[in-house]
Amino acid sequence: MKEQLLNMKEKASQALTSAKTLQDLEDIRISLLGKKGELTAILRGMGGLSAEERPVIGQLANEVRSFIEDKIEEQKKALVASERAEQLKSETLDVTMAGKKPVIGKTHPLTTVLEEVKDIFIGMGFSIVEGPEVEYDYYNFEALNIPADHPARDTQDTFYINDNVVLRSQTSSVQVRVMENQKPPIRVIAPGRVYRSDAVDATHSPVFHQIEGLVVDKGITMGDLKGTLEVFMKTLYGNDAVLRFRPHHFPFTEPSAEVDVSCFVCGGKGCRVCKGEGFIELLGAGMVHPKVLERCGIDTSVYSGFAFGLGLERIVMRRLNIDDMRHLYDNDLRFLNQF
Amino acid sequence: MKIPMSWLSDYTDMSGISPAEYNHAMTMTGSKVEGIENPGDNLINVVVGKILEIAPHPDADKLVVCQINVGTETLQIVTGAPNVKVGQTVPVALNGALLPDGTKIKTGKLRGVTSAGMLCSYEELGMTEADFPDAEYGILILEDSLPAGMDIRDVFNLNENIVEFEITSNRPDCLSVIGLARETAVTFDRPFTLKQPAVKGAGGDISDYVSISVDDKEGCMRYCGKVVKNVTIGPSPKWMQDRLKACGIRAISNIVDITNYIMLEYGQPMHAFDLRDLEGNAVNVRRAKPGETLTTLDDIERTLDESMLMICDGKKPVGVAGVMGGQNSEIKDDTTTILFESATFNGALVRKTARKLGLRTESSARYEKGLDPENTEPAILRACQLVEELGCGEVVDGMIDIRGAEEEPNVIPYDADRINSFLGTNIDKAFMDKTLKALDFVVTEDTVTPPSFRKDIEGFADVAEEVLRIYGYDKIPSTLMCGETAHSVKTPAQKLEDTVRTLLCACGMNEIVTYSFTNPNLFDKLCLAADSPLRNTVTISNPLGEENSIMRTTAIHSMLETLARNRNFKAETAKLFELATIYIPDEDAGKLPEERKVISLGMYGDCDFFDAKGIVETLFEVVGLSGARFVPESENPTFHPGRFTSILVGKKEIGVLGQIHPTVCDNYDIDTEIYVAQINLPDLLTYAKSTKTYSPLPKYPAVTRDLAILVDDTVLAADVEAIMKKKAKKLFAGLTLFDVYKGKQVPEGKKSMAYKLTLQSMDKTLTDTEINETIQEILSALEKELGATLR
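Chains A and B supply the protein sequences, listed in that same order. For our numbering, count along the first sequence from 1 and bump the result up by 5. For our numbering, count along the second sequence from 1 and bump the result up by 200.
Think of the hints as simulated: they come from the structure by calculation, not from any bench. Hints may contain errors.
What the hints assert, rightly or not - With a straight-line Cα cutoff of 25 Å, these simulated SDA-like cross-link-like pairs (lysine to any residue) come out:
(1) B:K634 - B:D674
(2) A:K111 - B:D674
(3) A:K274 - B:S678
(4) A:K106 - B:F769
Kindly generate the complete structure, drawing on both the sequences and the hints.
What follows is the structure, encoded as structure tokens:
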């Protein structure tokens, strides 16, 4: 009987090793360990054994059983693993094929860059305000120290709705509205559309965007204007950007400055883009003209302020290397999807 | 304004200043230099040569071989010019020469004969017939007195740096050599020398020659007149012509050139009349009479009106004040007695007149910025001095000088500390004093008085700028603002815009930005009724063109144009949005219009009506707007009558959504179905609930039931769903319309709608009985109210 059991163990070991599928394993398990299987058949002969032999054989039978069970389990794992490996192999993809991209939209480049600009100024404590585009002559000119016969009116080529109403030619119009409605301290930027009677070409558009800045408080100096614009420019263009302030004339600021930034192409050495100057005109700025402050009821012996105005299109074109302003208003998807 | 550097050095010391240095320094003190050009830079290695011999070319009939002395050597040069003769003095471009048109000259062979350069015509030297009106065709023949080998640039005075300035409108004093020389002197801290012009005079008395009267003293603040007799009209000397030319002014004759020279040097426009043409030997400054005309020097007859200030003689206009003289009194070859005019006219008046006449001149450009009455006298005296220097006439003694009201000098308080604390600088008072004095201010301990030519200096801030620009803007230390810590956040409206943009981009839509003015034909393109309120627009009175003449009252037109453009560029799908402003006129035309922001959506391609609606619904959900209703309408001519809905909150229409009518699509040349929506942004802000709160998650299972009902074709899903929701009461947990079917097995005029209805209780697991009761209630309500039957 012992012989039989050992034989069976030997046979089972071989059969299990050569089993190819989980079904083969199950068949072998039933034929050996099932109710009608070989082990049961052998154990039926236990009755004929002596009392000494019985525990020995019993123990051996248990050992054989657990040997077979372990073997089956082991074999099962191996088969599962190889079957999965087989399956995975059959599932191999060409991972170099293009992914399926979700369709997402993009904000317009003018918005994208304006958001950047807003973030920088919000970080410096500026609020964002808006004013009307269809504006009284008063806010666009009169209140900004540009009376009816001022030569500056000619150069601005303004669109008129009627004698008293214009399409604002500058966001500076918002300055006065803010000062009429708010007492200092004032720290605002006013982005928005402005209109000038310029024919459309690569660098001109009759509609474009400006960002006006206005600060009024006690003890505001020209140095503060310089410092503020430097923070802005360095955040926007990087720490290498160099600003150049030079005298200029605007009717509503005094002193006035034109602010140039080092050429983004040559870095200040002089090239074709900056016409050899190393600098590119970027914005106009200055200390708010005392007449403008006084007209808004602000006491110039206590308060002073600065203002600046920059063209958004110019910044966007420079930042994204766009060579023709018309792209910004054509809204060709082949253009919009580039950013 | 263009000025040769050598002219500036008549008044200040320019020695040792390089063009690059000059450019930078002047720009940094406020006289922006646009560029410095030297015409000689483009004319290199061209010298004076003497023709020694001329021999025929062995192989070409039309060419000759010349031996030419160019100073250091004798060169053989082949030319085809017909006008060369032995002994002539000619310009010779040597081997390696550069001509103004970019041509480079090299030694070469012409039909086998070596030619070591080229003889030049005036055109090849970059000059024009106006420079040499008498020159014959061919090589330019020079004066024999010029030595061989002399650089041609020195012959024609071309070796000169010419500075081009961009002068701001507040500085008419800098539209002159003297003004810029003063700025140069202050900038480089050098002396500035302005001499009083000295006129010898030839006796006589001006009052025997002419009488002058000014009727309009507000229009003419000062009028100075001087008479010159025994005038000999002829060309002005070369040095004067060269200077005028460098400044871009054509030489005409000695007297006219003197007036232009003074305008450039003093910034004071002048005019010269032929005295014999002034009827009654009188000058009268007055407004034009209605119907009067004048043919100006440019040979155009001008019709005048009463707003225009004229220079007249005893009877008729002879010049438009400050703009241009009249042909009837111009200087002619045989003019013998002239009247010089040096006057100050009202800038605004000149500007208006010049604009009306469409005639902007060097003179009017100066007057309109406001000139200094004190400058008229030195200018006219300088003109007389030049007449004497040139020997072209005799200056009659006496000057007629008529002045309007004299202006009080503007005395401004002066406080160096205040200037420093305003600028954020620490500039020495001594520096301030010195700078202001150099700029011709009268400086006392506590006041400054600007010179008469600086009308732009009005108060403290202007004085601060004067000091600062000479001190250097670049020397201001950069500081950060002190004061109360400002706190800033975006307003709810600004945040809403951000949310809308982010969401629409996430929905796969691209933002566009379009013009806010547009073409009035858009209303017809959109098929709007003749009485549509949208046709009431804010209209630009001076538009660039009809196509940009009104402010838009709808954003749909811009959207359709953009979609059409992209369709045209073969974009298969386009989904676009714009945060556009529309302009709704106020009933009171004197008031400003309402500028309303709208969300404009538009799409074609891989989408249908429900894609568009889904985006709108998602938008409402995200911003927290519940209770918007989509109400079908068929009366809007822009839209497909069966695929259009107005979007209501309560009774208020907050937007529209639909498919564009095919006829409208035709008008835009669009050959596909277009879906658009326009929603008022302010309404979204009003009705949206921006704060959202938590609802507990259900603990008990939800039950779904499919209900297929048969209803009349005209029954709206919204009505079916409202009943389902109402009757499910608290158990309602959602519904989906998953199928709408018409056709086989459905009677004509009916449709089958299949809903998946979800019921759920927050308190317990629902029993079959409870569910069935609810369903039954729903079905009987549907039957009663809409005639629906269960399929």
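Checklist entry - What hints, given by number in increasing order, does this structure fail? => result 2
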